[in-house]
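Okay, here's what each chain looks like letter by letter:
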Amino acid sequence: MNYIILLFFIFIIYSLGSALYYMMNDSGGGSKRMVKALTIRVAVSIALFVFVLFSFWMGWIKPAGVA
Amino acid sequence: MQSRLDYFVPEGSYWPILGSVGMAAMLGGFASSLHGNTAGTVSMILGFGIIIFMVFGWIGQVINESETGTYNLQVDKSFRIGMGWFIFSEVMFFAAFFGALFYARTLSVPWLGGDGNNLYTGEVLWPEFKSVWPLIQMPDSTNFTVPKGIIEAWHIPALNTLTLLTSGATLTYAHWSLMNKNRIGLIGGLIATIILGVIFLGLQVAEYMEAYQHLDLKLTSGIYGSTFFMLTGFHGLHVTLGTIMLIVILMRAIRGHFREDRHFGFEAVAWYWHFVDVVWLGLFIVVYWL
Amino acid sequence: MSTTTTDLQNEIDAIEGSHISHNDHHHGPEKGLMRWVKTTNHKDIGTLYIWFAFTMLLIGGAMAMVIRAELFQPGLQLVEPQFFNQMTTLHGLIMVFGAIMPAFVGLANWQIPLMIGAKDMALPRMNNWSFWILPFAGAMLLSTMFMQGGGPAFGWTFYAPLSTTFAPASTDYFIFAIHMLGFSSIMGAINVIATIMNMRAPDMKLMDMPLFVWTWFITAFLLIAAMPVLAGAVTMMLTDRNFGTSFFDAAGGGDPVLFQHIFWFFGHPEVYIMILPAFGIVSQIIPTFARKPLFGYSSMVYATASIALLSFVVWGHHMFLAGMPIGGQLYFMYATILISVPTGVKVFNWVTTMWRGSMSFETPMLWAVAFVILFTIGGFSGLMLGIAPADIQYQDTYFVVAHFHYVLVTGALFSIIAAVFYWLPKWCGRMYNEKLAKIHFWWAIISVNVLFFPQHFLGLAGMPRRIPDYSLQFADFNMISSIGGFAFGASFILLTYIIVDCIRNGEPVKDARVWESAKGLEWTVPTPAPYHTFDKPPSKELILAESSHIHVEGVH
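Chains as they are written, first to last, in this note's numbering: chain C, 1 to 67; chain H, 1001 to 1290; chain L, 2001 to 2556.
Simulated from the structure, these hints should not be mistaken for lab results. Worth double-checking, as some hints may not be accurate.
Claimed, not checked - Here are the simulated EDC-like cross-link-like pairs (lysine to aspartate or glutamate), alpha carbons at most 16 Å apart as the crow flies:
id: 1; chain 1: C; residue 1: 36; chain 2: H; residue 2: 1261
id: 2; chain 1: L; residue 1: 2119; chain 2: H; residue 2: 1011
id: 3; chain 1: H; residue 1: 1130; chain 2: H; residue 2: 1140
id: 4; chain 1: C; residue 1: 32; chain 2: H; residue 2: 1260
id: 5; chain 1: L; residue 1: 2119; chain 2: H; residue 2: 1006
id: 6; chain 1: L; residue 1: 2119; chain 2: L; residue 2: 2535
id: 7; chain 1: L; residue 1: 2205; chain 2: L; residue 2: 2541
Unchecked claim - Just a few of them, taken from the derived set where beta-carbon distance is under 10 Å, the chain H residues facing chain L:
id: 8; residue: 1014
id: 9; residue: 1023
id: 10; residue: 1112
id: 11; residue: 1154
id: 12; residue: 1156
id: 13; residue: 1215
id: 14; residue: 1218
id: 15; residue: 1272
Each residue gets a CB set at the ideal place from its N, CA and C atoms; glycine is no exception.
Pulled out of the complex, with its shape left as it was, chain C reads as follows (with noise of 0.2 Å):
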C-alpha cells in the first residue's frame, strides 16, 4: 500500500522538477513543455487524492487516529 503511495509521489515529484527543470531552460519562445509537466502533476495528484479515498472506502488503509 505505502509502495503504490510512494510511486504516486515519485511521479508527482518527477513532473514537478521536469516543470522547473523546463522553467529555468526554456526561456522565451512560448515552450509549452512547463505547462504540460504542470497538468501531468496536478493529474497525477488528484488520482492520488482519489485512490487514497477508494482504499479507505474498500478498508485497504486507515487515517492516523487515537487506538
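Could you slot chains H and L onto chain C? The hints should help.
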C-alpha cells in the same frame, strides 16, 4: 539571443540596505519581545513594515524594468536560475522538518519505549511509557499538554486537500489560457485560484482552533503536536506567501502584463504554488494518514 | 605558431585598449560612502566581503588570544569559566560564519566574473543584499556578549539541551543572527550558480572553467542544500525555547540526539563549504609558480564533485559517542574513510603539478605549498578520527581541536591568504613588499605549528576541549601551544601592515599578467582591474590559450 552587451547591470540601489535594516529590526525586535520587551514588539512590527515596503518597492522596480524592455533573454534566464535554486533551498528547509518527523516516528519514540538495543533506556527512564504513534501519552507530561485526540484526516484535512488540488487545476487552466492568448481565462483562473487559497487558509485556521479549543492539541503537546504544528504551520506560511504572490500576478494580468512567450513572473509564481500544493499532499498523507 | 600568438596578443591589447578609449561610456564608481552601500558592482562587493571577513578574523582572533592566555597555565587564571565558554563558542561561530565563509564569497565575487569573462555577477542587486545582511547579523551575534546572562556559551555546535533548556536569554538573538547569516549565504550561493551557468563567456565550456570556478560552483550547491537545514535546526531550537515544543526534549517524545543529526547534516557539508574553494585557489596558484599546466584537471573536477556528494552521507562520524546503533557506526566510518580517496587524488595532482616544474617561491606559492603539506596533516588526523573505535578515545579532546584547526587555519585560512597575495596586485595595481611578506610567511608558518601541533599530543593524552582548567600533566604542552598562539596572533599585525602598505604605497604594477606564467582570463584585463570588465566576451582562442590546465603548444 540578443547581444551580451545588453546584459543589464543595475545602478546602485537602496533597496538591499533597507531590507537589511528591516530584517535586523524585525528579528532583533522579535527576540527582544520574546523576553517581554514591548519596545521589541514595536521594533518587530516596524521592521516587518520596512520589509514589506522594501519587497514591494524592489519587485515593483523589477517589474517596471521588465515591462519597459530593459531585460534581455539572458537576464531573464538569470532570474529563472535564481528562482529554481531558491526553490531548492525551500525544499531543504522543509526536509529538515520532515526529517524531524520521520526521526521521531521511526527512531526516537520507539527507542524511548525500549525498542532496538534500548531496552534499558525504556526501563530506566520511563518504564511506564509505551511507544505508539500518534503519540498522545508522553514519557513525562509534566511540562506538556496531553491532547484529547488528534485531527481526523477525514474532516477538514480531506476538504483542504480537495481545495488545494482544485486550485492547482484552476491555476493550470489559467496557465493554458495564457499560452493560448485567452485573457479572460487567465484572469478567471487566477481569481479562482486565489479564492481557493484563501478558503484553504480559512479552513486551516478553523482546524487550529478546533485543535486548541476542543482537542487540547497544542504546540506544547509533545513531539506529535510539535511536528504537526511546525509542518502544517510552515506550510500555511508558504500558502500565505503564495496567495500574496498570486494576487500580485493577478494585478499584473489585469494590467495586461505577460505575453504568451514571455511570462517568467507568472511561471515562477505558478511553480511555487504547485510546489506548495505537492508539499501539502505529502503532509496530508504522512501527517494525517500514515 | 606566430600567427596565433599575435592574434591573441592583439585581442589582449584590444581588451586593454577598450578600457582606455571607451572610458566615457562607463560610469565609474560613485563618490563617497554611499558608493559602498548602494553598489551593484562585483568588485566593490568582493572588496566589502573581504574587509568584513578580515575584521571578523581579527575579532575572532582576539577571542582565541583570551582562550590561549587562560590556558597558558593550569588553574583558573584570567577569566571566569562562563566567559571562557563564551569565548570558545563565539570564536568558533565568528571564524566559521564571519571570517572564512565571507572571505570565500568575497574572492568569488572578485574572481568568478573575471575568470569566466563575465560583465558582472548575474543578480547584482541581490549580490549587494547578500553582503549587507552580514554586518547586521555579525553585530547581532557580537551583541549577545553584552547581554544579561552573557552570550552563548554552549560551543559553536550549540547542542541541545545546552542551547535550549540551559542557555542564556541572549540565545534567541544568536538564533536570529544564524538565520540572517544563512539567508545571506543562500543568496550568495544562488548568485554564484546563476553567474557560472548563465554569464560564462559563450565559448567557455564547463570543462574549460578554471578550477576555482569549478570548486565554487560545487560549493554553492552545498550551501544551498545545507544552510536551510541549519535554519530548520535553529527554528526548532527557537520553538523549543519559547513556544513549548519538544523536538529536542525526550520527556515530550523528542530527542536531543535529533538536534545533533540535523546539525551535522548541515555541519558536515559545511566543512567542505569551507575547504572546496581553498582547493580551487591552490589549484590556480600552483600551476602558475610551477610553470606547468595543472596535472589531472578533469580528475580534480570529478574529485571535487565526489567529495561534495559524499559530504551529505557521512555526518554521523561526528556522533559516534552519541549512542548510535553499531550498524550506523560502521556505515558512517566506511563512508567517511571513502572521502580520503578523492581528497588523495587532489593532493597527488598538486604534487604532480609541481613535479619537475620550474618552480619559484613567491609568497602566494609559499602559502600554497604550506597548504598542501599542512592540510594533508589535518586530513590524516581526520582519518584517525573517522575510525569509530579509535574515536572513542579522541572524541571531544584536543586532538579534535588540533585536527580541525589544521584543516581550517592552515587549510582554509592559508588558502585565503595565498589568494589575497596572488590577486591583490591585480585588484589594486600595486605589488606588496615581497621581503616583508616572506618574513611574515615564515613567522606565521612556524608559530602556527607551535600553536597547533602540541595539541595533538594533549588530545591523545586525554585533555578535553572547551575546558578553562586542566591537570598538571598537560601544563608544558599548553604553555608551548599558547606561546605559539601569541606569536601567530601577532603575525596578523604584520599582515595588516603588509596589505595596507601594498594598497597605499606599493610599487605600481603595469603588466596585465602580474605573474609571468599565470594563465587565466583575469590576467588579460588591465592592472589594476578597471571598474567594469569584459563588456565583450573573450574569444574561444583566448579562452583556450588562457586555460591553466590544457597545454596549448607554442602559446605563451
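Now for the hints, and whether the structure bears them out:
At roughly 15 Å between alpha-carbon atoms, residue 36 of chain C and residue 1261 of chain H fall within 16 Å of each other, so this suggested pair holds. A threshold of 16 Å between alpha carbons decides the hint, and for residue 2119 of chain L with residue 1011 of chain H the separation of about 14 Å falls inside it, so the pair holds. Of the pairs offered as hints, the one joining residue 1130 of chain H and residue 1140 of chain H holds, with about 11 Å between alpha carbons and a cut-off of 16 Å not exceeded. A hinted pair counts as satisfied when its Cα atoms are at most 16 Å apart, and residue 32 of chain C with residue 1260 of chain H qualifies at roughly 10 Å.
Between the alpha carbons of residue 2119 of chain L and residue 1006 of chain H the distance comes to roughly 10 Å, so the proposed pair stays at or under 16 Å and holds. Distance restraint check for residue 2119 of chain L and residue 2535 of chain L: the Cα-Cα separation of roughly 5 Å lies within the 16 Å cut-off, and the hinted pair is therefore satisfied. For the proposed pair residue 2205 of chain L and residue 2541 of chain L, the alpha carbon gap of about 12 Å is at most 16 Å, so the pair holds. Of the supplied interface hints, the one on residue 1014 of chain H holds, with its beta-carbon coming within about 6 Å of a beta-carbon of chain L, less than 10 Å.
A cut of 10 Å between beta carbons decides the hint on residue 1023 of chain H: the least distance to chain L is about 6 Å, and the hint holds. With a cut of 10 Å, the hint placing residue 1112 of chain H at the interface with chain L holds, because the nearest CB-to-CB distance is about 6 Å. Hint status for residue 1154 of chain H relative to chain L: violated, with the closest Cβ pair at about 25 Å, above 10 Å. At a threshold of 10 Å, the smallest CB-CB gap from residue 1156 of chain H to chain L is about 22 Å, leaving the interface hint violated.
A cut of 10 Å between beta carbons decides the hint on residue 1215 of chain H: the least distance to chain L is about 16 Å, and the hint is violated. Among the interface hints, the one on residue 1218 of chain H holds; its C-beta lies about 8 Å from the nearest C-beta in chain L, closer than the 10 Å criterion. A least Cβ separation of about 15 Å between residue 1272 of chain H and chain L goes past the 10 Å threshold, and the interface hint is therefore violated.
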